[in-house]
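A.B. asks: Let the hints inform the model, and build the full structure from the sequences given.
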Amino acid sequence: MEQAVIEPAGEGSATSPEVVIETRNLTKIYRDFWGRQKVHALKALDLEVRQGEIFGLLGPNGSGKTTTIKLLLGLLFPTSGQALVFGRDASEVNKNERIGYLPEESYLYRFLNAEETLDFYGRLFTMAPETRRQRVESLIELVKLGWARKRQLKEYSKGMARRIGLAQALINDPELILLDEPTTGLDPIGTREMKDLILQLRDEGKTVILCSHLLADVQDVCDRIAILYQGELKELGRVDALLKVRDVTQVQASGLSDQAKQEIREVIEKHGGKLQMMDNPTSTLEELFLNIVQESEARPGRRATKSTDQ
Amino acid sequence: MFRRVKLARAEEPRSQPISENFMVVEELPLPFSEWLVQSSRYGLAAVAVFLIGSLFFSYLVTAFRYGASEGFYLTAKVMFRGVGEFFQISPRRIIAMAGLAFKEAVRRRVLVSFAVFIAILLFAGWFLDTESTQPGQLYISFVLTSTNFLVLALVLLLSVFSLPTDIKQKTIYTVVTKPVRAWEVVLGRITGFCAIGTLILLAMGVFSYWFVVRGLAHNHVVNTDDIRPSELIEGGVEGATLKNRNHFHSFPVDTNGQGKTDMRMGHWHEVGRQGEGENASYQVGRARDGLAARIPEYGKLRFLDRTGALAEPISVGYEWTYRGYFEGGTLAAAIWRLEGITPENFPDGLEIFWSISVFRTHKGDIEKGVSGSWTLAHPENDNQSPPIPFESKEFSLDSLYIEREFELATGETIDIFKEYADDKGRMDFILRCDDRGQYFGVAQADFYQHVGDRNFAWNFAKGYLSIWIQMTLVIGMGVMFSTFLSAPVALLATLGSVVMGFFTSHVKELALSVFNPENSTIDGGGPIESLIRLVNQMNVSVDLDLGFATAVIQALDAVIMAFMWAVAVMVPDFSRFDMVGYVAEGFNVPADVWCQQLVVGLAYSFVVTCLGYFLLRTREIAA
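One line per chain: the protein sequences are Y and G, in this order.
With this note's numbering as the guide, the letters of the first sequence map in order to residues 1 to 310.
With this note's numbering as the guide, the letters of the second sequence map in order to residues 1001 to 1623.
Any given hint could turn out to be false.
[Claimed, not checked] If you want the footprint, here are the derived chain Y segments under chain G, 3+ residues with CB under 8 Å: (1) 66-78; (2) 103-111; (3) 118-125.
[What the hints assert, rightly or not] With a Cα cut of at most 27 Å, we get these calculated DSS-like pairs of lysine-lysine: (4) G:K1168 to Y:K38; (5) G:K1170 to Y:K43; (6) G:K1260 to G:K1393; (7) G:K1168 to Y:K154; (8) G:K1103 to Y:K154; (9) Y:K150 to G:K1103.
No lab work stands behind these hints, which were simulated from the structure alone.
Computed from a predicted model, the values in this text were never measured in an experiment.
Note that beta-carbon positions come from the ideal geometry of N, C-alpha and C, so glycine has one too.
C.D. replies: Have a look at this one:
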């Protein structure tokens, strides 16, 4: 196994100077009724997230990701330390005007339909009724639930509930979006769309905080990540820098003959390098799936024929 | 000088007892403005004590957790933030939250309760006493009481389960991460549940009104064979109706063919003749006055002793010392002074109502009531009317109609307002007991002048208003408890508070009997002592053996009862909101009463909302 050489994380790598989120020595200890310590969920976390970046919080279950998000939202109070959002204490309510939050499961009122749900959440913000109606319409279109807009959420599949959950998080056109496990329950198409949307939000200048244990998702979209383990920050930095393997060179070429490949091998040996792999790259299952779906949509009725090695 | 005059008792139906049970108003309501001044002083003091107490308690908790200085900082921060956020409350968000609570309630099928109510009314006919002499009272108290308990039970369940379910299912995460203040969460819940409760109450009210009116509507048929010439009215006839709804009426008809039946079961009918001679038939109109909202005007009561001097009344040894007694056959009397007795207010005459308790020192003629008399008297000179005799009807309301002008035995016609009322419109009504050795017992509210009538439907609505106030209180308490307790515990806490609220005065008396047994009429001690007495089968009037164990038991009882007393002082006195008595007995609910109740209800709702805010704001939603 190659050991990845990790670039030291630096605050200078942030994309924008304005600090949106800052935690200082943020600590959370869960206690029982008698005040005895149960779990030390977060240990002295120091973080800064700047405007316009997609920041990933990574870690196994129970590592403190969700606790961090909840502390940032004021759903939990820190045992010690500070969580600041837009420079204000996380327990202040006014900051929520600029925040969108998608919880790890779509905790929505199951007796409302999609329209009512978005209308209800829209009313909680300072927003003109006309704007609210327009945003409800555009978000229903965005998450592609126009066909189920009048159905109660209790009839929704997990993926549909996730989509409407995302829509409610965006109802106020937030500057900061906190997404807790955003791709859970989504099919590959939904996952891809979610990732595309996250990138689009970043392009619009919004800040996104993503919390996931699905590493592929994080890798695909995040600019920077923090890795938490047992409540402690283990790593922090830019994804490309963190993942870059410095002493390995990757070349991809198409249309090469066997002879050309042989010559490349010889060149590598001549320069004292060691050829680790020369093979046809495999596509990801996600790509394969998406291609099949795309082709099926283009030619309905025909069995999709993708050239695969039998 | 007594002047003998012919003062006739009023004609039928007015001289009939109109109610089997009279209403006891132990304390006449204070005028609203006076009450407001008095209670706002008490209320402000209570708020100050409550505020200081809560701040101190909060400081203790936070100081214990975070240290003395940090605790102070946190308490101050929460308090100032609470005030700041109060001024940021947005009606739009409250309406949105209320709409959500409303939809949630509908989804939880609260409308089923209305169906249950309808079912209760449909089957009520099986259980309501058809032979009751006061069917109006029975019907009204039945619908009001059943609505009251049904609605309170419904909103209790709604209010305590909502917020804990929201927190348990984490749906609240998506709400409190929006710019929603805890004020709005609490107020939205209260408003939403009040809205659905109001709708249900309105529906129940309309249905109940229809049930009462329809249930009491009836008619009678007259058998023309029973019609005979009247002994009282010259040229007139008299007769009786056939029996319907367990009663019949007798009636006179004058020469014009018009008449009124007597008063039975709290109502009377108009009777009209159609046709003449052999072909005459008699039509009985709809029941009248069965559903009334009388406005009484109470006077100030004073007593005279047997020598005719002002004195305190006699106690006849009843534990309930509400009424004062005076001796019969002497100069002893009870005198009410009424104001506003002017010809402008009562152009035709006066209609007085009274109820008297009789204490007999000897059996006398047990078949007959004790004799008494009324005398009208001028407050400033010696003018007195001849006594108007009556026979006491215990525990029922009696009435008398005194015509404005009447003829003296001398043939002279006099005007009661000129003779017995002073310039300020004051008149004294003197009650005497005429049987030697017997006593009459009266209280201030036992005598009143019938000033007029209000619309019954409006009075009925006021009965529902009192239920509405109770409903908002239960919702407020339910939501407040549910901000920091789990649903079942919040249910118990709210239920406990409501039950305590119905018995506050009793609990306070009980507590004081434990703190100060010498000055109390209640024996038996606190809960532990009572349990020991139960187990040992000890009489309550026997003291426990003196000793260490007794001292410990009594100290523990004092602690328990101090807690009970504190709770009883804090919870709203639900028995104050009971207006069923007024409505069912046919009395107008005075504006002073319902305004006071409304203010008390609003004040309590405000306090529980504040409590709810701080409890919700200081809890970790996601913990």
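A.B. asks: All the hints need checking, so say for each whether the structure fits it.
C.D. replies: Going through the hints against the structure:
no., hint, result
1, 66-78, "holds (count 6)"
2, 103-111, "holds (count 6)"
3, 118-125, "holds (count 5)"
4, G:K1168 to Y:K38, "20 Å, holds"
5, G:K1170 to Y:K43, "25 Å, holds"
6, G:K1260 to G:K1393, "23 Å, holds"
7, G:K1168 to Y:K154, "17 Å, holds"
8, G:K1103 to Y:K154, "14 Å, holds"
9, Y:K150 to G:K1103, "15 Å, holds"
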